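Spelled out, the chains give:
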Amino acid sequence: LAAVPHYPFKDEIKLRCTELDADGRIFTSVGEFLKSEICQRQGLHIRDLGKLIGGFSINQMPVVIVRPEVILVSLGPHIRALIRSDHIIFFDSPDSKDCVEDSPFVKYLQGKLKMSTEEAGGQPFEFRALEAIFLSVVASLQVEMEVLVRIVSNLLADLESKVDPFKLKELLQYTKKVSRFESKTLLIRNVFAELLSQGKPRAMEAHDEIEILLEAYMKQVEEIANVTAIVKQQMSSTEDFVNVTLNVKRTQLLLFDLRVAMGTLGLSSGAIIAGLYGMNLQNYLEHDPYAFSIMSATVISVSAITFLACSFKLRMLARGTSWIS
Amino acid sequence: LAAVPHYPFKDEIKLRCTELDADGRIFTSVGEFLKSEICQRQGLHIRDLGKLIGGFSINQMPVVIVRPEVILVSLGPHIRALIRSDHIIFFDSPDSKDCVEDSPFVKYLQGKLKMSTEEAGGQPFEFRALEAIFLSVVASLQVEMEVLVRIVSNLLADLESKVDPFKLKELLQYTKKVSRFESKTLLIRNVFAELLSQGKPRAMEAHDEIEILLEAYMKQVEEIANVTAIVKQQMSSTEDFVNVTLNVKRTQLLLFDLRVAMGTLGLSSGAIIAGLYGMNLQNYLEHDPYAFSIMSATVISVSAITFLACSFKLRMLARGTSWIS
Amino acid sequence: LAAVPHYPFKDEIKLRCTELDADGRIFTSVGEFLKSEICQRQGLHIRDLGKLIGGFSINQMPVVIVRPEVILVSLGPHIRALIRSDHIIFFDSPDSKDCVEDSPFVKYLQGKLKMSTEEAGGQPFEFRALEAIFLSVVASLQVEMEVLVRIVSNLLADLESKVDPFKLKELLQYTKKVSRFESKTLLIRNVFAELLSQGKPRAMEAHDEIEILLEAYMKQVEEIANVTAIVKQQMSSTEDFVNVTLNVKRTQLLLFDLRVAMGTLGLSSGAIIAGLYGMNLQNYLEHDPYAFSIMSATVISVSAITFLACSFKLRMLARGTSWIS
Amino acid sequence: LAAVPHYPFKDEIKLRCTELDADGRIFTSVGEFLKSEICQRQGLHIRDLGKLIGGFSINQMPVVIVRPEVILVSLGPHIRALIRSDHIIFFDSPDSKDCVEDSPFVKYLQGKLKMSTEEAGGQPFEFRALEAIFLSVVASLQVEMEVLVRIVSNLLADLESKVDPFKLKELLQYTKKVSRFESKTLLIRNVFAELLSQGKPRAMEAHDEIEILLEAYMKQVEEIANVTAIVKQQMSSTEDFVNVTLNVKRTQLLLFDLRVAMGTLGLSSGAIIAGLYGMNLQNYLEHDPYAFSIMSATVISVSAITFLACSFKLRMLARGTSWIS
Amino acid sequence: LAAVPHYPFKDEIKLRCTELDADGRIFTSVGEFLKSEICQRQGLHIRDLGKLIGGFSINQMPVVIVRPEVILVSLGPHIRALIRSDHIIFFDSPDSKDCVEDSPFVKYLQGKLKMSTEEAGGQPFEFRALEAIFLSVVASLQVEMEVLVRIVSNLLADLESKVDPFKLKELLQYTKKVSRFESKTLLIRNVFAELLSQGKPRAMEAHDEIEILLEAYMKQVEEIANVTAIVKQQMSSTEDFVNVTLNVKRTQLLLFDLRVAMGTLGLSSGAIIAGLYGMNLQNYLEHDPYAFSIMSATVISVSAITFLACSFKLRMLARGTSWIS
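Line by line, the protein sequences are chains Y, G, Z, X and L.
Under this note's numbering, think of the first position of the first sequence as 117, with each following residue one higher.
Under this note's numbering, think of the first position of the second sequence as 117, with each following residue one higher.
Under this note's numbering, think of the first position of the third sequence as 117, with each following residue one higher.
Under this note's numbering, think of the first position of the fourth sequence as 117, with each following residue one higher.
Under this note's numbering, think of the first position of the fifth sequence as 117, with each following residue one higher.
Please keep in mind that the hints were generated in silico from the structure rather than gathered at the bench.
All figures in this text were calculated on a predicted structure; none of them were measured in a lab.
List time: in silico DSBU-like cross-link candidates among lysine-lysine, alpha-carbon distance up to 35 Å:
1) K151/X / K230/Z
2) K285/Y / K429/X
3) K348/G / K292/G
4) K348/Y / K285/G
Extracted from the complex, chain Y is given alone in its bound form (with noise of 0.2 Å):
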């Protein structure tokens, strides 16, 4: 029992804290915060902030806790939002410098924010904010997908026709990315379709809009897990090209070593003869006219039977490829 580890949470965290309220205003806050301290001031629960705002581990699931007077939203490094009827807090890490008030986002989802419920079509606040947000997140995976299918099948198209080792290993990483992308889509795939089989959130009970915005946006996210399923397929189909023809390259490769290595053959059974005549022991033809050309003839000859019967048996091992016609 002793051996059970223990681990008490942490309450400090240190936070930037950007409240957008209604008008559009911008609020920041930076510092260390107690966790404690904001989730009774927000009335949220000790785990809940946890889910929102764990550590800003990079390997932190998506998430989207709907609770009756609040929206926690966690979809990925920059958006860790909590969302109220009237206002909406972004939680970021304090290390992060750019200038918040200017950024695109911001200054769209302020547009958002600032209209009447008149303007917006009747959509409440939260709505808007929810929207802005999945657009926002969506439009992020679309275009982390097209950079890494452009850079894959550039990468594909030049390993069909060339393999070159860097190249290999170039696809390696991008093997890697792919799967930690695809998995990262797959986990936001799945909380649209959680939000989807709980039913609409109470705060937005009266707005059968939300439905069809989640499902339009759940199409999209799989529509890029699709894309995403395919260019796997595809990196793997050429991996197993590459090795297949590393396997036919080597296969052909042995069989032009197998060619030096019986002419090398085919010439050490001739040397040995010239090498017999070589001996100094009398061998009765020092001094035969015709012994020179003779036996030189017979040398050369030894070596080629010798090489093109290793050829022929060559030939016939052969069969059955398409390398020696």
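Dock chains G, Z, X and L against chain Y, hints included.
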């Protein structure tokens, strides 16, 4: 937060709209449209239109959306239609130069749509339009499948009788094509399955037949998907076979290579004896009348014995394979 | 839009229709029929008929369609039947020349169908016809499976004792056959499962037994699918084994090749010394009486030392494998 | 149609029936029975009996069938039982020569069955019989799993320290055995799951405990299946490891082979110089007193330089691996 | 039947029981217990106890059993607890020598349990005990995951920069560990999911919060499982990469080997000419003053031409790879 991307919708789109009304008349208009305007005129939400004509990307997922007044169909690059109770509009890329009026599909559709409800067995306009589209989509999948199956079967038969690097490269291309085709088929199948699970479209509530229709087309798409899956399995079997064949071939070549190397070793072991007697040193056999014959025989015997000893060892190693009998 | 393919139905089809009525009488008619006419006479929709006899393609999916008045059964190339409350019609390709009347299946079916309802334990005509067909389909799968299992088991046993390229090629053929058989079995299983989930056919509402019947045949088909899955696993295990065996074999051959190359190297390093003394240069040992013996010993020693040094290095490299002890 | 196979049931079967009644008495009868007779006497349908004793094939799927009056249990080659409210009959192959009465399973069962309902905590006869059978089946799986795990673990440990072709062959055998065992375990698990989903057998309606019993045994079977799955993963990891080890080994051997070939090349390039001076041609150094030393040094230098140049090239090629330091 | 194994339960078990009551007091008792006695005292069924402490096997599946009066928790080797409304008993192997009273987990638990219901926000005793256990289990998984991820990431980075057989062997060990960890994580996840699907334990009916608690911990376990799955994918990518790298490496070495062999062949083809003039035969050039120079040039030219011809052939073969430029 400033790192969050933000991509507003682009509103203009180049389109060719082909409208067929209940009398089979065709109206075509080409040009730049505003998505928002189309939506307003057709009573659509911008999101639904986006799913229908989203940039004409080839990665767009097939979808059939049933709204109270309208059915939206996007089933491949050529069929993006909007069906109402008395007309159907096809959206097309304006770049395609085909003459719409003369295509057999449009001719057939005109025939179907011109029928009075009585002639058509009580089928409403939408129903006939949908059926014509489904028929055309399934026929198109069928043809594509048959072409793929025929080419791939030939390729596989060729590769099984003779491993050829060019054929292997072609096989890779078809692996990718078959994967993409399978993915497309399954997505279309899912569209049918989703429609079936939603229950019949509201516009056709009175017709039991729509479910039977959907089921029938889904079965056909499943049949195509099934054949594709079998083809994929056979491609992967053949790839395994090629790899194992190359493995076997290389092992056979290695065996022969060894024999050649053993021949060279045998001749070298004989040659060294000849080499010793070739040294300009006193070997006391200089004048021996039989020395040449004896040494020649010795050299050849040593060569042969070395080779045979190696052959015996090789025979032991090659046990468990059928290449040395 | 002009690129959309369009394929109208072909209406003529060559058929052999074999009708068995409740008295076991057989009527056969061969010839060209119009699909539309058959449909009208039998009260079928053209789509249902298409699923039943669709071109006699071997890729056709098995299907059992239960309509209010009729049951359509298409379970393989030989069984495409239409069952009514008092007769059953088999559709067959007119090219098959077998004598239908004498086949044991038809004999058995005649026996079953001729029974009065009382004799048959209250089972209606359709029920008996269906059971006879299911029995025959399952028996046919069973026989096919047993043949496949027997052949494949022999092949695997042969390959495990001796890797043989011809056997490997045969294995590939059977991999494909087993895959196709598994696919067929699972499709038939799905037909039973679908029938079960639909509830009993309306024509047989009063009979609890139909569900038990379906379940029993489904279990048998599942048993066959299960054996097939085990066979597939064993084929894949054996393929892995062959690959690993060839890998091991090649490593062993490489080790031996190295030994041969080392022998050649050893002899070459000795031979170079002999070669030096074979030069027509003054080596001052020309008349030394022991030079020949000493140099011969030196040459042989250098050869042996070189070989042994290499052997020592090789032994170090081969650690972790059991081939050099 | 004539090609449709038809296989009537064979009615005779050789059986040994062992009956235990509620007093624990045993009646054994061996011989040839008619299936139809058994069915009539026991009130069974021929199909149910077929599932119970179907030819004693080892591929028979496990099954527990609950009928109003009787429970049929077929869970492996040794347990094919028919349980009624006051007795249990085991069907056995008549070839097994074991003495039934003395087996510990039967002894235990006798003890359980002899109890009065009060002693057994209100459990009816069928319940106690079922529990005894389940206990025995799960214990038997447990033992088989433990034996497999122990043998396979040893095999894997051996293979990881030393790649041995005989051990590899053994591993293949166990891969197959583990696959078959996993399949068996999952089929038995499915039997429990199916029973649970059906609700409790009608004969035991009053007893909540049957569900808890089934769940408990199902959990144990799942635990066994889970361990088996882990073992399979480890076998596949080790197989991958062996393949990668052989790959590494072969690359190392190839490196050494290259060194040997480079040595031979070096010596050949030296030898050719010696060969030139060995020609019976006038080289003008015949009487030079230092020529022999100089040429010998040249020959050896050329050999060494050739070898070192190749070594340098090889070192460049082998970068990225840890075998040349 | 006699072949059916039968394994009765063993009733004695060695245990250390640590009891914490609502006042945080600890009672420890070590020794041999009778399972049946524990069951009687705690009002448990023998099967439930078996699932809790079943032999302390490491393969035991995690389980949380909710009975009307008691909650049984078995979540790993260290946490096997029995929770009642006023005390909690931990079962432990008596061999562990740690001092239970001082472990941080027990200290934290004491603190939680000592609180009055008011202090604990209305949470009943069982609830607080469960939460403390879940917190500890998830924290333990988290730590184990982080250690695995850190080690494996380093290993993969090392292998990608340099293929090293020892690192590969280590990778195999971690493949197994990660598989086992993933399996454990998923089993614990399933426990949470099962609890959630069962609805809240009866003992806590009044508390909505238990579901939120379970969901929160399940999400955390899923996050851990998700990271583990990504790590597994990366390990498999790296393994593929190592294999492809070795393939490329071997092809490069084979190319170099060929060059060396071609060099040897070239020298042999030159050497045979020198060999011919080394024969003790009359070559009529014995006294030609330029013969030596001419023949030497010829020998070297033949060697070079042979080598260059082979190089040309090799260059043609190596097309499609980037290693010869």
